[in-house]
Structure formats: structure tokens, C-alpha cells
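> Chains as they are written, first to last, in this note's numbering: chain S, 1 to 238; chain L, 1 to 238.
Be aware that a few hints might be false.
A pair holds if it fits inside one copy or across any two, identical chains being indistinguishable in the list.
Below are the DSBU-like pairs computed for lysine-lysine, each with C-alpha atoms no more than 30 Å apart in a straight line [said to hold, decoys possible]: (1) Lys120 to Lys16; (2) Lys16 to Lys117; (3) Lys16 to Lys119; (4) Lys117 to Lys168; (5) Lys168 to Lys119.
It should be emphasised that the hints constitute simulated quantities derived from the structure, not laboratory data. Here the structure is a predicted model, which is why all the values come from computation and not from measurement.
Number of protein chains: 2
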Amino acid sequence: AILAAIDAALKIGPLKGRHVLVTSGPTHEPIDPVRYIANRSSGAQGAAIGAALAALGADVTFVTGPAEVPPPLGVRVVRVDTAAEMLAACEAALPADAAICAAAVADWRVEGASGQKLKKAPGALPQLQLAENPDILARLSAPGPRRPRLVIGFAAETERVAEHATAKRERKGCDWILANDVSPGTGIMGGTENAVTLITGAGAEDWPRMTKAEVARKLASRLAEALEEGADASGGSI
Amino acid sequence: AILAAIDAALKIGPLKGRHVLVTSGPTHEPIDPVRYIANRSSGAQGAAIGAALAALGADVTFVTGPAEVPPPLGVRVVRVDTAAEMLAACEAALPADAAICAAAVADWRVEGASGQKLKKAPGALPQLQLAENPDILARLSAPGPRRPRLVIGFAAETERVAEHATAKRERKGCDWILANDVSPGTGIMGGTENAVTLITGAGAEDWPRMTKAEVARKLASRLAEALEEGADASGGSI
């Protein structure tokens, strides 16, 4: 960690001069002042990616929800709670050469969250009216002058991983998807290892099971190559 | 912490030979494999109470949800996720001389939680059908041969704290309620200090603002006195 911090401070490596935006951790969507809806996400994979990018010399903006794992050294940390706050922080961080959306953003928030604690009344159950959250990956992937050249999303799936992730890549308009199988029993959610499939315009590429730190280093290295090639999102080679 | 562990191991102090059940932390109620409903609770107050009881020589069973703060040394730790699991763990821990329910238990769970990740479909919002969770404090307070002699609940309120907490004491059938004001802005939720009001059969007693560790020591000391007096729940002096 100390070496990584020194490397980042000295800004050497293949990502020197590149600004990379990373989102990490869960978001918490309030129901009332004491209750919220959350996603299971330790923030471990996002933190590892931030560290790997910083180690390659990148200037990293690390937008993180309330994660269990502390943010890495050598990055600019922006702390948020909700998906709406995360989107605002990402948009404020642009322009960026690349964006990696590793956060497990809540798809829904509670419409009209209560400012007072909901009281339990016998036989009366609160109706949680859900509303769709902004889609941060799709927003960052939308064509335009501020679009990062390389936008990478994550897909946490529990079934037909490559198929769902390939469809997600098309739907979101991002360049790559790193898909993982978070079925209970794989031990990936909250664990130290990850088994991912990288989905690009060229197809699906299964990576062997490795630690989250190794996944992060491999992704950072692939990202550096892709930016080096100077390919843009419309060029098809990313 | 080391002295506390030694004290607990040697089992000296006014609570020597007493078994105290403590619940702590939030519960997480699954929506699907990756989403859940939670309460904001760091587990700091519960952990401090467990430590204070152990320091007075008590034999502590510490039933904890997924808290941020680690459980104290010198207690028997039982880890759970949901309210249903917490109730089962508490019932399995009986008999006990006293029970302190410091956990922020979710009032509701999601009925028929999905075994697969809910997919986001455009324009379609999931309906979360809520069901009432078992009321652990009320269950432990119910009269019967296995009722602990002293059952203490917590109330986290955002308005009319003493009034709501006094009503809660009646409703639950517990002996004492330690009420605190968790309004945003007090800095109590997730902070190191607490401002509590102790509600007993004799009325409401405001404690000065103090650290959670001091609240815990004061509560443990009052609990030791009450058990010493040998008063039972029906005697009115508790």
C-alpha cells in the first residue's frame, strides 16, 4: 500500500496523465431517518481497482458509497450515500479518460422517503412506493463530448451470466462489461476472490478465478492498453 | 479492553454468576440475493453494553446483527442476519437473569423474498410486500417461567422521545426503556455520544449527554443494583 501510494504520488506508469473515474460500494436509499434499502457490496473490488489504477500512475477520482472496505490510498475520494448523489459526483468529476462503474447502485429508491421515523402500527404495513434511480452507467455511456473514451460497467448476475451481461452492454451503451456470478455459494459477494467474464465488442472472455486484487490489476492493465491504442468508443477496437 | 477481558475471564465483580443476554446491531432483511432492507445502527452502543457487563463479571450472550463495530471481548458472540434469526438465537440463550435489547431490529421483512436477483424492467417497479417481523423485546418481556427478571429495551425516536418511549414500555411489557433521540443533526446515530432518557416504572430520568461507553457503564451498574435488590418484574421496584 505504501509503495502504491508513492507510485501514485510520483505519477509514473502507463496511466500517467490519465484521469479515471471509479465508482465503488453500495448505495443506501433512505426509507426514513433510520431505515434504508441497500445492496450487498463490500466495496472490495472497487477499492482494488482504484489501487491498481493509481499504481499505474492514473489520476483517480474514487466515488464511493458506504462501503465496508476503506478506499485505497493515492486516489481522490468522494463519499456519497444515494444513487442520485453518486451520479452528481460522477458528473462533477468529468471529463475523464475512462470510467469504471464498480458500485452496486440501488436500482430503486423510495419515493417520498419520510422525514420522521415510520411508526409501527398493529396490522398496518407501510407501502413502500419505489421509483427508478438514475442509471449512472447509461448516463456516463451516453454519446457526447463529455463521454469518457472507455466506459466499463459491472454486472452482478445469479444466472446466465454472459448472456445477461452481453445484453446489459448493448442496453447501457458502455464499452466493456465485467460480469461476475454472485450466486449464494460462490463466496464472491463479500469474499476475496472473483470469477469474471469480460464482455467487449469482440465477445466474451472468461478470466480464471483469481483474487479481486488480481482482477483489478488485469483490468487496469487492459485499460492502459486500450487507451494507448487511442481507439475511441465508436472505433470498435475497444 | 485487555483488562476487561481479564476481569471477565476471572469473573469477579457485582454481576459474577449472572447471565445477561444482549442484542446489538442492525438486522438485514433480504429482498433478493443482493438487496436488503436495513436499519442504521453501528452496533456501538450494544458493544459498549456487552463490554461493561463483562467488566462487572457477567456471563454475557451477545447476539449481534451485521454491525460495523466489532463485538466486545469476553462475551459469547452469536452472529445473525435477520430478525427471525435474532429471535431464535435469543430464545436459545434463555434462561437469563436480564436481557438488554439494544439491536435496531427491522420492524418489517419482505414477504416471499426472491431467490434470484430481481431484474430491472423499464417502467415496471417491483412491489415489495412487507410482513411484520417478530417483536423480540415483547417476546422476551412476555410473562412466563423463562422471562428474564429484568428486560430492558431501547427506543430510537425522532420526536417526543420520553412520551413515545413511555408508551413503548407499556406496550412491550418490558421493565425499562433507554430512549434516545436519533434525529439527524444530533450526531448520535453512528457517533460516539448518546443522550438518553431512562424510563422505568417510576418515571422518566434524563441522563446527561455522555459517551456510549459511559451510558453502558451506568446502565450495567444500575442493572447490577436492580438484580442485587432481588426485585422481580412484578414487584414494581425495577
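> Decide, hint by hint, whether the structure agrees.
Structure-based check of all given hints:
In the homo-oligomer, the alpha carbons of Lys120 and Lys16 never lie at most 30 Å apart, since the shortest distance is 55 Å inside one protomer and 38 Å across protomers. Taking the shortest alpha-carbon separations for Lys16 and Lys117, neither the intra-copy value of 48 Å nor the inter-copy value of 39 Å comes in at or below 30 Å. Taking CA atoms no more than 30 Å apart as the test, Lys16 paired with Lys119 passes in neither setting, with 54 Å inside one copy and 38 Å between copies. In this homomeric assembly, Lys117 and Lys168 come within 30 Å of each other (Cα to Cα) only across copies, at 14 Å, whereas the closest approach inside a single copy is 37 Å.
Taking CA atoms no more than 30 Å apart as the test, Lys168 paired with Lys119 passes between copies only; the shortest distance there is 11 Å, against 39 Å inside one copy.
Hint violations for this structure: numbers 1, 2, 3, all remaining hints satisfied.
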